[in-house]
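Novice: Residues per chain, in single letters:
There are 4 protein chains.
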Amino acid sequence: MHGVTRTVVGAVGDELTHQTLENLVNQFPQAVESVMPIQKRFKLVSREAHPANSTVTLRDRGIVVGGRKIQIMAGPCSVESERQLLATAEAVKAAGATILRGGAFKPRTSPYEFQGLGVRGLKLLAKARKETGLAIITELLSEDHADLVGECADIIQIGARNAQNFQLLIAAARTGKPVLLKRGPSMRIEEWLLAGEYVLSSDNPNLLFCERGIRTVETYTRNTLDLSTIPIIKKESHCPIVIDPSQGCGRAELVMAMCKGAVAMGADGLLIEVHPNPAEALSDGAQQLNLEDFARLMSELKPFIAAVGRE
Amino acid sequence: MHGVTRTVVGAVGDELTHQTLENLVNQFPQAVESVMPIQKRFKLVSREAHPANSTVTLRDRGIVVGGRKIQIMAGPCSVESERQLLATAEAVKAAGATILRGGAFKPRTSPYEFQGLGVRGLKLLAKARKETGLAIITELLSEDHADLVGECADIIQIGARNAQNFQLLIAAARTGKPVLLKRGPSMRIEEWLLAGEYVLSSDNPNLLFCERGIRTVETYTRNTLDLSTIPIIKKESHCPIVIDPSQGCGRAELVMAMCKGAVAMGADGLLIEVHPNPAEALSDGAQQLNLEDFARLMSELKPFIAAVGRE
Amino acid sequence: MHGVTRTVVGAVGDELTHQTLENLVNQFPQAVESVMPIQKRFKLVSREAHPANSTVTLRDRGIVVGGRKIQIMAGPCSVESERQLLATAEAVKAAGATILRGGAFKPRTSPYEFQGLGVRGLKLLAKARKETGLAIITELLSEDHADLVGECADIIQIGARNAQNFQLLIAAARTGKPVLLKRGPSMRIEEWLLAGEYVLSSDNPNLLFCERGIRTVETYTRNTLDLSTIPIIKKESHCPIVIDPSQGCGRAELVMAMCKGAVAMGADGLLIEVHPNPAEALSDGAQQLNLEDFARLMSELKPFIAAVGRE
Amino acid sequence: MHGVTRTVVGAVGDELTHQTLENLVNQFPQAVESVMPIQKRFKLVSREAHPANSTVTLRDRGIVVGGRKIQIMAGPCSVESERQLLATAEAVKAAGATILRGGAFKPRTSPYEFQGLGVRGLKLLAKARKETGLAIITELLSEDHADLVGECADIIQIGARNAQNFQLLIAAARTGKPVLLKRGPSMRIEEWLLAGEYVLSSDNPNLLFCERGIRTVETYTRNTLDLSTIPIIKKESHCPIVIDPSQGCGRAELVMAMCKGAVAMGADGLLIEVHPNPAEALSDGAQQLNLEDFARLMSELKPFIAAVGRE
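Chains as they are written, first to last, in this note's numbering: chain P, 1 to 311; chain R, 1 to 311; chain E, 1 to 311; chain L, 1 to 311.
Hints listed in this document are in silico derivations from the structure and should not be mistaken for laboratory results.
Keep in mind it's a predicted model, so treat the numbers as computed, not measured.
Hints may be right or wrong, so weigh each one.
[Said to hold, decoys possible] Calculated cross-link-like contacts (lysine to any residue; reagent style SDA-like; alpha-carbon spacing at most 25 Å): (1) 234/E - 4/L; (2) 43/E - 123/P; (3) 235/R - 32/P; (4) 234/E - 119/P; (5) 93/L - 43/L; (6) 302/E - 305/L; (7) 234/E - 63/E; (8) 235/R - 299/P; (9) 235/L - 28/E; (10) 130/E - 234/E; (11) 40/R - 32/P; (12) 234/P - 7/E; (13) 234/P - 40/R; (14) 234/P - 43/E; (15) 123/P - 107/P; (16) 43/L - 35/R; (17) 40/P - 69/L; (18) 43/R - 4/L; (19) 43/E - 21/R; (20) 43/P - 64/E; (21) 40/P - 21/E; (22) 40/E - 150/L; (23) 40/P - 43/L; (24) 43/P - 6/L; (25) 93/L - 236/L; (26) 69/L - 280/L; (27) 40/E - 219/R; (28) 40/R - 188/R; (29) 302/R - 298/P; (30) 40/L - 235/R; (31) 43/L - 29/R; (32) 40/E - 10/P; (33) 127/L - 109/L; (34) 43/E - 29/P; (35) 235/R - 305/L; (36) 235/E - 256/L; (37) 43/R - 6/L.
[Stated by the list, open to error] Partial selection, computed: residues in chain P whose CB lies under 10 Å from chain R: (38) 6; (39) 35; (40) 93.
Yeah, the Cβ is synthetic: ideal placement off N, Cα and C, and Gly gets one too.
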């Protein structure tokens, strides 16, 4: 195609070879100014591959994420003790949550910070699951723990720092349990979809995307929660989308408003940090709601859930 | 205050002199490692200065921004012709908008792009105002046009690229007309509040903050609309907050969802680009809604407006 | 062009109409998935338009920016007093600088910070110019001051906050004086080149680009100085490139290293903040060098200037 | 400490408990507005812990990183074949490199892209090491491969995507081999230092920091290479710093200039992608130098190495 100032050459074919085309810029710098890929790089997660919304059913619990009901996942940042976990579990269940979150293995910026109770934390989660009937979501940090975590969890969480730790994604997928994939702090949406592709291409169709904010120039909030991901993931993919306003804001006082926005925009679930006594939390105290505030949140969300025609 | 590894010295006093304190790091690098300012730097815009919400009344129109009613500002990106403007004005009024937006002077990334109709655009806005009774919001680009724009507009818009063009802010403030201050694409919230301080300290109390997205690593959307600014501005300031989802997303298809979220989170107004024929728009066609989609948006917003207890 | 999953349509023609093409996505969302512009949007600043390096000669001074000699522009952030300015001017001249910088009109984040001496500052700069023979660079903040600043300055500086204040760019260009255009804090290189296009298309060929850092997620430094702009501007444009390490780092202690890197990478000039007593500076004290450090810097730069074969 | 508008309370003590202090904002929102940590959070990597520069010696090779000699690490992005690897190894050795880089396990954004030769790649690296005497640096992707990679490599590379995969960092550290830790794409310098702390606190003193660019709003380059990290890491830490201009730019044409800047600013090493035929590379072809360009680079770097007084 000859224009006045440039000639454009179109290349038809499969993406698996397009890397070679991009190399043309390097090989023939005088002749090829730039190569622009046109094909979308994700397949199995794409809406094209699966036009209907897909849902994720937590196996023996009858909980469906991505269906009519907005699922609330709530619980402490870290599992700290039996008392703390069970008190939270009962309170969030009473307020309407169906899934209990709690970190047993915690990724911490500094090696000197609390790293989680580990296996003992998993056992406490299993106990809470048994006693309350809540499903469990907890984070997987190490490939070596995939079986251990997969046994305990109804949903395996991949944290933001590991969102492109593809070996971990594959290990999580292979447990057969649903995988909730947080967006990395500087991940573009296309890269997030491609990371999800690692799960689906490992023969695990049960993938949930979870927006938890990206790092931007703003320092008032810990991250900038990008709620536009809700309509975008709905457009590009068939997988459910969950919003984590606690990580997104890093401030309990903003969580309420962010939840209302997320529900109004079509989120399939919310992942909220709740602690019986945030001021004594061993991690991320500033962003955890106490039990009363959580109950109030659940109550205030009702008109917005009704407004989107969901439960 | 002596700790094991550091000694902390506290300094009490007025911010007007703290610059000198920060210089200590430079003057005594061996003695002073860092200086951390503690005082908030904004005053007149702060919630402390004015605990109640302030409202902005468009003078002879009885339109109150920041009150119970969520005000919808809608219209074309650029004023292009009398026909285009009046058709849009009538349609957005019929759908429930109270304020007509339209750019007469347009800041464009390239000098070769359409720069707006200028004075002729202002005249068309005045005509639309007269014929429809809608209030007018339009952008001020140059100090030299402050009087001209101030005469025509009920709200003077300061665009994102000029958000720290303080001379322009002062010129706008001095017209006495309400000023809508967009957030710059890499402005921190504190800087935005301080830019607003330029308006209030120029003896103009009628300031509206307008979030329109910040530039981040994401390239799927033109900007990342930061809806957390709604509860944050409400917390830190008494001034109303307006959301611009059109600039925020750059994609008409996402505007609907962003508006629902903004309303649910407590926005006092929405600024939406609407064009009778977006495909022929002279600027930003990809992000403008057509008249039918706008009417549908207004209708779909109703349950969310009800859910926040507003009109 | 028909591929397996997509059909690509090529469109040949002038950029002045391509906006309409991008609108196709909005008009025919079922038919057109995306529109990718291929033509470069800048013309006059491009290397294609002027294959040789262009140089900027300061009219009556015999100083050439963009030639063999690396020009050093040094002086205080703000002009504060005759004594301060002249002491700095003499010291930087003695150390090898050829151009004196100094702000008379200062853009400040807060209205309560020192805003510069204004016209009195310009007069002091004129005096320093006469007494030392140094050329003068100073910032233009307001269209209304274009003639005033143009009379005094040998180079008019457009600051980062005004980098897309196109009216100001045009006003600066029309004075006929060389214009130094700083990169805005979240400006992409293409946008910076397009902003430069506003100067060249206003019939002023004397444009200098000045990199001063972009705002990123890093908070250790005030900005992230992007030294890759040196080879990029050299590749894409014929205009000289100047580096401002003082704004770029916000820390005097890093300026030395940044200058060495900038020289090694091919910068045509350096813009450095120098103050006889940084600890008492009225603005940005933490990033200004004192006179001895500046002299030491100039001396330490020599082997790097030699290594790039310049003077 | 009582000021006019605020009261500041100082708290003295150990960082291991400061999390609890930050929780005060949540517990007593009426009483505590904010908590500002003052203590630096990193210890073993800090300059305070080890005032002299530390050096990393590659055990049986007599290669010292962080000493007078700037070490050049060069080789292909991916190990593709014996012929490709050995041709590169011999060429880079002849040009002056002392360390051969090459990826056997490759982290790829998409599961459909070339994932590396795996164990076969490691064997080829071992062969190249034996035949040329070059030391080897290669990336570790999975905890399960730590022993395997540790056996083959003289330096274990932790890639940017895994920079906060702390389990992997610990596994790498425990091999006893030197660890090169790339900066994550949105990591602040403090977080990078803290990630390094995971290595040193796992009883492995041989840590190299490697800047490879952060993701910013700029899209011209793949990342924005932040050369200010060189003086900053030198100031804050005793560990050597290596620059990776290939990842940093994503464009071979910019690598030359970036290397000159890095050397001038004090980098202890360079990590450069070199391929005998970049246009046929299986990964990242656009950013790899060919053998002639690499030889030319090494020759052009000489005056800059001399200018910093190194070898």
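Novice: Take the hints in turn and mark each one as holding or not.
Specialist: Hints, verified against the model:
1. Between residue 234/E and residue 4/L the CA atoms are separated by roughly 53 Å; this puts the pair beyond 25 Å, and the hint is violated.
2. A C-alpha spacing of about 66 Å is found between residue 43/E and residue 123/P, which places the hinted pair above 25 Å, so the restraint is violated.
3. The hinted pair formed by residue 235/R and residue 32/P fails the criterion: a straight-line CA distance of about 53 Å is larger than 25 Å.
4. At roughly 57 Å between alpha-carbon atoms, residue 234/E and residue 119/P are farther apart than 25 Å, so this suggested pair is violated.
5. Between the alpha carbons of residue 93/L and residue 43/L the distance comes to roughly 37 Å, so the proposed pair goes past 25 Å and is violated.
6. Taking the CA atoms of residue 302/E and residue 305/L, the gap is near 14 Å; set against the 25 Å cutoff, the hint holds.
7. With a C-alpha separation of about 20 Å, the suggested pair residue 234/E and residue 63/E falls inside the 25 Å cut-off, and the hint holds.
8. Between residue 235/R and residue 299/P the CA atoms are separated by roughly 22 Å; this keeps the pair inside 25 Å, and the hint holds.
9. Note on residue 235/L and residue 28/E: the hinted pairing is violated, with a Cα-Cα distance of about 56 Å set against a maximum of 25 Å.
10. Restraint check for residue 130/E and residue 234/E: not satisfied, since their Cα atoms lie roughly 34 Å apart, outside the 25 Å limit.
11. Pair hint residue 40/R plus residue 32/P does not hold up; C-alpha atoms about 53 Å apart against a cutoff of 25 Å.
12. For the proposed pair residue 234/P and residue 7/E, the alpha carbon gap of about 24 Å is at most 25 Å, so the pair holds.
13. Of the pairs offered as hints, the one joining residue 234/P and residue 40/R is violated, with about 40 Å between alpha carbons and a cut-off of 25 Å exceeded.
14. About 40 Å separates the Cα atoms of residue 234/P and residue 43/E, which puts this hinted pair outside 25 Å; it is violated.
15. At most 25 Å may separate the alpha-carbon atoms for a hinted pair to count; residue 123/P and residue 107/P meet this at roughly 19 Å.
16. Restraint check for residue 43/L and residue 35/R: the C-alpha separation of about 21 Å stays at or below 25 Å, so the hint holds.
17. A hinted pair counts as satisfied when its Cα atoms are at most 25 Å apart, and residue 40/P with residue 69/L does not qualify at roughly 46 Å.
18. Distance hint between residue 43/R and residue 4/L is fulfilled; the C-alpha atoms sit about 14 Å from each other, no more than 25 Å.
19. A distance of roughly 47 Å separates the Cα atoms of residue 43/E and residue 21/R; the hinted pair therefore is violated under the 25 Å criterion.
20. A threshold of 25 Å between alpha carbons decides the hint, and for residue 43/P with residue 64/E the separation of about 56 Å lies outside it, so the pair is violated.
21. About 21 Å separates the Cα atoms of residue 40/P and residue 21/E, which keeps this hinted pair within 25 Å; it holds.
22. With a CA separation close to 48 Å, the supplied pair residue 40/E and residue 150/L exceeds the 25 Å bound.
23. Between the alpha carbons of residue 40/P and residue 43/L the distance comes to roughly 45 Å, so the proposed pair goes past 25 Å and is violated.
24. Between residue 43/P and residue 6/L the CA atoms are separated by roughly 56 Å; this puts the pair beyond 25 Å, and the hint is violated.
25. Proximity of residue 93/L to residue 236/L is assessed by CA-CA distance (about 33 Å); at most 25 Å being required, the pair is judged violated.
26. Pair hint residue 69/L plus residue 280/L does not hold up; C-alpha atoms about 33 Å apart against a cutoff of 25 Å.
27. For the hint pairing residue 40/E with residue 219/R, the CA-to-CA distance comes to about 19 Å; that is within 25 Å, so the pair holds.
28. Note on residue 40/R and residue 188/R: the hinted pairing holds, with a Cα-Cα distance of about 14 Å set against a maximum of 25 Å.
29. The suggested pairing of residue 302/R with residue 298/P holds, with an alpha-carbon distance near 22 Å, which does not exceed 25 Å.
30. Between the alpha carbons of residue 40/L and residue 235/R the distance comes to roughly 30 Å, so the proposed pair goes past 25 Å and is violated.
31. Distance restraint check for residue 43/L and residue 29/R: the Cα-Cα separation of roughly 20 Å lies within the 25 Å cut-off, and the hinted pair is therefore satisfied.
32. With a C-alpha separation of about 18 Å, the suggested pair residue 40/E and residue 10/P falls inside the 25 Å cut-off, and the hint holds.
33. Using a Cα cut-off of 25 Å, the hinted pair residue 127/L and residue 109/L is violated, with the two alpha carbons roughly 29 Å apart.
34. A distance of roughly 20 Å separates the Cα atoms of residue 43/E and residue 29/P; the hinted pair therefore holds under the 25 Å criterion.
35. For the proposed pair residue 235/R and residue 305/L, the alpha carbon gap of about 54 Å is over 25 Å, so the pair is violated.
36. Restraint check: the Cα-Cα separation between residue 235/E and residue 256/L comes to about 13 Å, which is no more than 25 Å; the hinted pair holds.
37. Proposed proximity of residue 43/R and residue 6/L is supported: the alpha carbons are some 13 Å apart, at most 25 Å.
38. Taking 10 Å as the C-beta cut-off, the interface hint given for residue 6/P is violated, the closest approach to chain R being about 17 Å.
39. Here the hint on residue 35/P is broken, as its CB sits about 17 Å from the closest CB of chain R, past 10 Å.
40. With its C-beta approaching chain R no nearer than about 25 Å, residue 93/P sits outside the 10 Å limit, and its interface hint is violated.
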